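Let the hints inform the model, and build the full structure from the sequences given.
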Amino acid sequence: MDRQDIQSAYNDIVAHIEKQSGKYDTWYADTTADWKTTIFKEHRVPLKGYWWMVRQCYTPIAAKTVKDSLVELGCRAGSNEDTGRNVVYVYAYLMSDITKQGDEDEEASSVSQPPVSPKP
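Start counting the sequence shown at 50; every next residue gets the next number (the numbering used here).
Hints listed in this document are in silico derivations from the structure and should not be mistaken for laboratory results.
Being a predicted model, the structure only gives us computed values, none of them experimental.
Check each hint, because a few of them may be wrong.
Heads up, simulated BS3-like pairs for lysine-lysine below, C-alpha to C-alpha not over 27 Å straight-line [as the list claims (entries may be wrong)]:
| hint | residue 1 | residue 2 |
| --- | --- | --- |
| 1 | LYS72 | LYS149 |
| 2 | LYS90 | LYS68 |
| 3 | LYS90 | LYS149 |
| 4 | LYS90 | LYS72 |
| 5 | LYS149 | LYS68 |
| 6 | LYS97 | LYS149 |
| 7 | LYS97 | LYS85 |
| 8 | LYS72 | LYS85 |
| 9 | LYS85 | LYS149 |
| 10 | LYS97 | LYS72 |
| 11 | LYS68 | LYS97 |
| 12 | LYS68 | LYS85 |
So the derived label-pair ranges between C-beta atoms look like this [stated by the list, open to error]:
| hint | residue 1 | residue 2 | range |
| --- | --- | --- | --- |
| 13 | PRO95 | GLY71 | 20 to 28 Å |
| 14 | SER145 | THR86 | 14 to 22 Å |
| 15 | ILE147 | ASP54 | 19 to 27 Å |
| 16 | GLN56 | GLY123 | 27 to 35 Å |
| 17 | PRO95 | LYS72 | 15 to 23 Å |
| 18 | SER128 | ARG93 | 15 to 23 Å |
| 19 | ARG93 | GLN56 | 24 to 32 Å |
Don't be surprised by glycine CBs; every beta carbon is placed ideally from N, CA and C.
Put into structure tokens, the structure is as follows:
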């Protein structure tokens, strides 16, 4: 993944959100040093067939600036204020019953699904 400046990363993520619906309040955005673990394990975002995007910025401050700009548009964000030198990824994903937003506790995020009945 190539590093991007603030404006390019922001534009890419905004275009992706608008392609899905443009409803920013249904999206979650944050920063991380390890985007694969954060998105797929911690937030339980499906790898394929789901709306998400990651962009790598040049600096942690740039990544936080993109995140803050997405929050200003209406995206939800966690309380990650870590700006360690490796926190250069900004990500966003569509929130749903299957995803776990950053500051939810485990019980509130568990998804109850009805049992699947076999087809006759």
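Hint-by-hint comparison with the structure:
no.	hint	verdict
1	LYS72 with LYS149	holds, 18 Å
2	LYS90 with LYS68	holds, 25 Å
3	LYS90 with LYS149	holds, 9 Å
4	LYS90 with LYS72	holds, 25 Å
5	LYS149 with LYS68	holds, 22 Å
6	LYS97 with LYS149	holds, 17 Å
7	LYS97 with LYS85	holds, 13 Å
8	LYS72 with LYS85	holds, 24 Å
9	LYS85 with LYS149	holds, 15 Å
10	LYS97 with LYS72	holds, 21 Å
11	LYS68 with LYS97	holds, 17 Å
12	LYS68 with LYS85	holds, 23 Å
13	PRO95 with GLY71: 20 to 28 Å	holds, 21 Å
14	SER145 with THR86: 14 to 22 Å	holds, 20 Å
15	ILE147 with ASP54: 19 to 27 Å	violated, 33 Å
16	GLN56 with GLY123: 27 to 35 Å	violated, 19 Å
17	PRO95 with LYS72: 15 to 23 Å	holds, 19 Å
18	SER128 with ARG93: 15 to 23 Å	holds, 19 Å
19	ARG93 with GLN56: 24 to 32 Å	holds, 30 Å
Checked against the numbered hints above, the structure breaks hints 15, 16 and satisfies the rest.
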